[in-house]
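Each chain, written out:
Protein chains: 4
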Amino acid sequence: MAVKVGVSGYGTIGKRLAEGVVAQKDMELVGVADVAPTLPVKSLKARGMPYKLYCADKNRLPDLEKAGIPVSGMLEDLLSQVDIILDSTPAGVGAKMKKFYVEYGVPAIFQGGEKGEVADVFFHGYANYEKGLGKKYLLLTSCNTTGLIRAVDCLDRAFGVEKVAITIIRRCADPGDLHRGYVDLAKVDPVPSHQATDLMEIMPHVKATGLLVHVPITHGHIINVVATPKRKITKEEALAEFHRHPRIHVVKISEGFASNTALFQFSRFTHRPCADMYEIAVYEETIGFSGDDITFAIYIPQEAVTIPETIDGIRASLQMQKDRLEAVSATNRHLGLEPKKPLY
Amino acid sequence: MAVKVGVSGYGTIGKRLAEGVVAQKDMELVGVADVAPTLPVKSLKARGMPYKLYCADKNRLPDLEKAGIPVSGMLEDLLSQVDIILDSTPAGVGAKMKKFYVEYGVPAIFQGGEKGEVADVFFHGYANYEKGLGKKYLLLTSCNTTGLIRAVDCLDRAFGVEKVAITIIRRCADPGDLHRGYVDLAKVDPVPSHQATDLMEIMPHVKATGLLVHVPITHGHIINVVATPKRKITKEEALAEFHRHPRIHVVKISEGFASNTALFQFSRFTHRPCADMYEIAVYEETIGFSGDDITFAIYIPQEAVTIPETIDGIRASLQMQKDRLEAVSATNRHLGLEPKKPLY
Amino acid sequence: MAVKVGVSGYGTIGKRLAEGVVAQKDMELVGVADVAPTLPVKSLKARGMPYKLYCADKNRLPDLEKAGIPVSGMLEDLLSQVDIILDSTPAGVGAKMKKFYVEYGVPAIFQGGEKGEVADVFFHGYANYEKGLGKKYLLLTSCNTTGLIRAVDCLDRAFGVEKVAITIIRRCADPGDLHRGYVDLAKVDPVPSHQATDLMEIMPHVKATGLLVHVPITHGHIINVVATPKRKITKEEALAEFHRHPRIHVVKISEGFASNTALFQFSRFTHRPCADMYEIAVYEETIGFSGDDITFAIYIPQEAVTIPETIDGIRASLQMQKDRLEAVSATNRHLGLEPKKPLY
Amino acid sequence: MAVKVGVSGYGTIGKRLAEGVVAQKDMELVGVADVAPTLPVKSLKARGMPYKLYCADKNRLPDLEKAGIPVSGMLEDLLSQVDIILDSTPAGVGAKMKKFYVEYGVPAIFQGGEKGEVADVFFHGYANYEKGLGKKYLLLTSCNTTGLIRAVDCLDRAFGVEKVAITIIRRCADPGDLHRGYVDLAKVDPVPSHQATDLMEIMPHVKATGLLVHVPITHGHIINVVATPKRKITKEEALAEFHRHPRIHVVKISEGFASNTALFQFSRFTHRPCADMYEIAVYEETIGFSGDDITFAIYIPQEAVTIPETIDGIRASLQMQKDRLEAVSATNRHLGLEPKKPLY
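Protein chains in written order, with the working numbering: chain A, 1 to 344; chain B, 1 to 344; chain C, 1 to 344; chain D, 1 to 344.
Keep in mind that the hints are not guaranteed to be accurate.
The calculated lysine-lysine pairs, modelled on DSSO-like cross-linking and capped at a C-alpha distance of 30 angstroms, are [to be verified]:
| id | chain 1 | residue 1 | chain 2 | residue 2 |
| --- | --- | --- | --- | --- |
| 1 | D | K115 | D | K131 |
| 2 | C | K207 | B | K230 |
| 3 | D | K52 | C | K252 |
Please keep in mind that the hints were generated in silico from the structure rather than gathered at the bench.
Isolated chain A, as found in the complex (with noise of 0.2 angstroms):
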C-alpha cells in the first residue's frame, strides 16, 4: 500500500516535491498546503487541481478563497492522513511548523533552509541513507550540497577521497524573485562555506572547506571541484564514475553545453515539466588534475536537484527499504532516471 505523503509549503521546492511525490508508484500525495494565492497556489488551480490544497493559517484562508482558489481544508486535515510531511516552508520557518508536525505525530524531513537542530539526522539519500533510517525528522542537505555530495560521494564510494576545496559560483536568486538579486555585483562570503562543513557532517572521513561567491544569475549553480583521492585516478576512471550514476549527467563544452543556461534550456526544450531537472551535470571538459588531485565543475540545478535525495528520506524515515541502493533505485525509477538515458 502507499504510504501517504503531504508537502507543507507550496514554492519553487514544494512544487517540486509534490510533482517528484505524486511520480512515485509507492507513494501517494494526499495534498500540500500553503498560505497564500502565490503563482505556484494560482498555477494549481490553472492545471485543474491535480492534487488538493490545504491551508496552513486559518486567518489567511479568506486571501485563497478571495482568490477562487480551491481549498480541501486546514493543514491539520492534511497532518491527520498522511504518514509524513516533507516541510518546504521558507527557511527558518520549518522549525516553528514543526510543533504542528509533532502534535499529528507526523514524521517530516525538512529542507536544508533549516537549522541541523530542527532534525535528528542530517540526511543525504546517497552518502549516508542508513542514517535515516527509522528517524522521525530528518534535514535534507541543501541544493548546493545535496548535488555536490553527489558528485562527491560517487568517487568516494569508487576510489576514495581525502578532501576537497570547493569554489560555488552561486545563483543569487530564483527565476522571478523580486525579494533579492544582484546587479553587476559578485558577493564574496568568508570561508567555509556551509556546504563545506554541511559535506564533512554528512560524509565525516573526508575534509572540505570552499568559498562561495553569489553571482547574478537564475539557473543553477557551478562548482568547481578540487577533489584529492586515495589513490591517483585518470580522468576516464572519473568519467566512467560518473557516467554511471543515476543522478549525475556528463555533458560536453563541445558539444554546446557550455553554461548554466544550456542545461535549463535544454530541459525547457526536451519539455521536461516545469523545465526542470533533477540531475546534476559534469562538464567534461572541465575534468583536469593538479598534481594527484583531480579538479571538474558540476551544474546544480537549484530548484528541483533535493527532489531525489528527499524522496529517499521518506523511504529511509519509514523503512520503506532497508538498503541504501534499493531505496534510491526506487526513487530514481519512478522518476525516470534509472534505467539510465542518456541526456542527448
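Once you have looked at the hints, place chains B, C and D on chain A.
Okay, now just chains B, C and D, sitting in the frame of chain A:
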C-alpha cells in the same frame, strides 16, 4: 485533408513553429530542417524524434550523423513533400534560402528578421489577414511588432486608433545566448524604432512612433503604449476588449504578475511545453490616461508569440479560410486559445 | 560671509552633497554626520578627512572609533554650528531626524525618499524656486523627478507644455548595493508613477502620467517623454533649448553615447570626481514626434543629479538669492556648469 | 633624462597606460595614437588635450578631424620621437602593428591579448623582471594572469609554491561594452585556462591548472586560489606577506569589502582618477586551508591592473634599472603605491 507543412531552421523560433503546426488538426508537419546538431536539434533526438529532421546542407550532414541525430533526408526531400515551408533560419539567411523554395515551387512564410523584399506581403494574422490570401511569400512581423499589433488592432477594431507612441523595453538576448547580451547597460536606439514603422505598414491608417531600449533581461519584452483613440474610451471598455481577445491575457500586478519573469515562471508552473506562451499579457494596473490618450503596458514572450500569426499565414497563403476570424479562430482552437480560458 | 552647511547622512547622496557644498564659494561645509564606518565614511579617512565627520548616534560612536575614523563630535555639535542641514539619511529616517533639526532651530532640506509631510514645500530649483524662498523645511524631488522636471521645465518655459506621458526605465540598484537588485527581471509598477504625480505638484499647470519599470542596471535611469506642447515645435527648437540649459547635455547615439553606461564611462574618462555627473543628457536621435507631441529620451545619473537642485534649495531657504535665475546660476557657476561647456 | 614613451591604441588599457606613464617622473609621454573618435579619445579633448594625439591610419584622419579632435600628426611621427612604444591596440591588432614599430626601430610592449610569437619574452614585472632586461619586444601577461601572479609570486618568494589550482570568476564585459556580455548566464571554459598555462610559463617551477567561468559582471575578476606551499604556512604568515606587497591590499569582508563592486566603489569614493585601481585585493576572510594547501580569493581590477607591470616592462626593456626590486619600486613610487598606505 491536412495541408503539409515543413519548417526550415530549427532554432528558437523553428522549434516553436514545429510544435504549433503539430497542434493544428488540419495541418501535418512533414518535418523540420537544420544544418547542425544544436541544442534544439539534440533535444529532438532526446525526445525520440517526434518528427523528422532533414539536413539543409549536405556539407554539414556528417556533423549531424557524427552527433547521432537521425536524418530523414535533405531539405530538397522535405521541400518536395510540403505544401508550404515556414522559414525560421537565422535573420538574413531566409533571403538566401528563398531560391530553394522557389525552385520547388513551395510557398514560404518568413520570420521578422528578414527584409521586406523577400516577400509579397508583410503579414499579421489579426490585422491584415486578407492581404495574405493566396500570396506565395509572406513576411511575418517581428515578435515585438506581432504582440504590439495584437493589442493596438484589438483597440482599433473596437474604438479606432489614430496614433501610438511606444516605448519598447527589449530583452537583449534569448536565454542561453552566448553571442549577444549586455551587462549593466541599457542601449538606446534612434527613433523611430522599426516596430513603429512596421506597425504603420500593417495598419496604414494609424500613425506610430517609438523608442526601443535594450535591457539585460531574457524572458520577454515590455512595451508601454500611449495610444490616441478616435473617441475617448474608459479603462473598463479597453479591459473588456483585451479580456475578449483570445491571444491577450489581462494580468494583475497586485496578484503577483509584476514583471516579465512572473509570466515566464507561470508558464513553467503550469507545465506549458517548453515553458512557452503564445499570448501577450496586459498589466491591468498599467492602464492609465494622458488626457484622452490611453496608456498601457504589455508583455511579449519573444520565443513563441509569433507562432499563432505564422500559422494564420499558412491559412491565408493556402486560402484554407477566406475569412479572417474563421482563420484565426481555427489557429486558436488548435493551440488551446479558444474558447478562452483565464490564465489563472 | 559664507553660509554654514551640514550634511546629515553620508551615503550615496550625502557624499555628493558634501562635495557639492564644498564647491560653492559662498558656502562653508562645517561637516557631515553618520553613524557607521561605511565605505563612504571609510573613504573620508582614506582621503585624509577633507572635512569633519560627526557621529549621529552616541551608541554607535564606538563602531566609528574602532574603525579608526576621526570623529569631531556629535550631530548636536554639528547642528549647533550650521545655518542649514542637508538631510540625506536613508529613506524614512529623515522624518525621525527632523526633531533634532527642529530642536536646534536649523532649517533642513530633505531628499526625495522622505514623505511630503516632512517639509513645508516640495522643491525644484529650476521649476519652483520661488516657492522655497524663506521656507524652513524643503523636500527635494527624487532623482528621476529632478531630472525629468529639468527637461520638461526647459521646454515649458520656452514653448508651454500641456501634458506629458513618461516611461521610466529605472536602475534597480546603485553600484555595489547588496540589499536590492533584480536578475533577468524587469519589474512593472502600477501607473501613475510617483514621478508623474510629483511633477504635477511642482508644475501644477502640466498634466502627467507615467509608467515605471525597474531594470537590472546600476548606472542611471532612462526616461522616454511624450510631451504635448502648447504649440507645435520643431526638433531644432527643442534642441536649441536643451543646448542652452546649463544642467542638460545633448549627446548623440551616433557619436558613441548609445547607453546609460556610456555617460557613466565618459564621466570616468574625464576624471570627474567620483565619476559623477550633475547634468542629465538628452539623446539627440531619440527626439521624435507623435502627431504634434514631441518625444525624447533622457539619461539621469541617479547619484549626483539632485545635488544642484539641493544647493538651490539652500539658496532659497536662506534667501541667499531672491531671483530664481540668479540662484541657479550661482549654483551652476560653482559646480562648473556655467558658463556651459560642451560635454565633448 | 626622461625616456620617451608612446602609447598605440587609446582604449580601455591605452588610456590607463598613458596616465601611468605621465605619473612616472623618469618618463615622458610623447603622445598616444588611435584611429577613431571613440569615447576615450573624445574624453581627451574634453579634458583639454593633456597630451598629444596622433592618428594611426591616415584613411581615418578625417573622422578624427570631423569630430573636432586635435591631431598632432601620424603614428609615424610619434614613433620617430619615442624610445619605446606601448601597444594597446585591440587583441590581435598588435601583431599587425609590429611592422611599424620594427620599421622605426622602436622597442614595443604588447598587452596580453596578443599571441606569444609577437614578442621575445613573456613578462611580469615582479615575477620575471630579469628576463625582460634589454629585450626589444615584451608581451605582458593578461589582466587576470598579472594579478594572479602577483599573489602567487608574493607567496612563492616567501615560502615556495609547488602548485596552484585556480577558479577564475571572470567579468564577461568591461563597463559600457556593446559588443559582448552575457545575461543570466555563466559560461564555463575547458581546463586548463590560459591563465594557468601562462603562469607556468612565467613561473616554470610552479605547476598550475584552473577553470575559468565568465559571469555577468563588469567591475573586476575574482580568483579563488588553492596553492600548495613548499612548507606549511599559517594564515598570519600569508597575511604578513600580502600586507607588505605594494601592489596588493588586504581587505575585510566584515568591513564592507564583500564584493568586486565594493572595491570599484571605493575607488570612486576616494576620487581615484577614472575610479581606477592598480592594486589587487585579497579578501582576508577567504584565506583558508585544505590540508596543507592554502586557499584565498583575490580581486583583480581588469582595467588598470596591468599598468604597473607594463611600466616595469619599460624599465626592463630599456634597462633603466638592472635590479628587479629597484625597478618595481621606482614604478610603485611614481604611482603612489610606495611607501605603502593602507587602502582604508
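Sort out which numbered hints this structure fails and list those numbers smallest first. none
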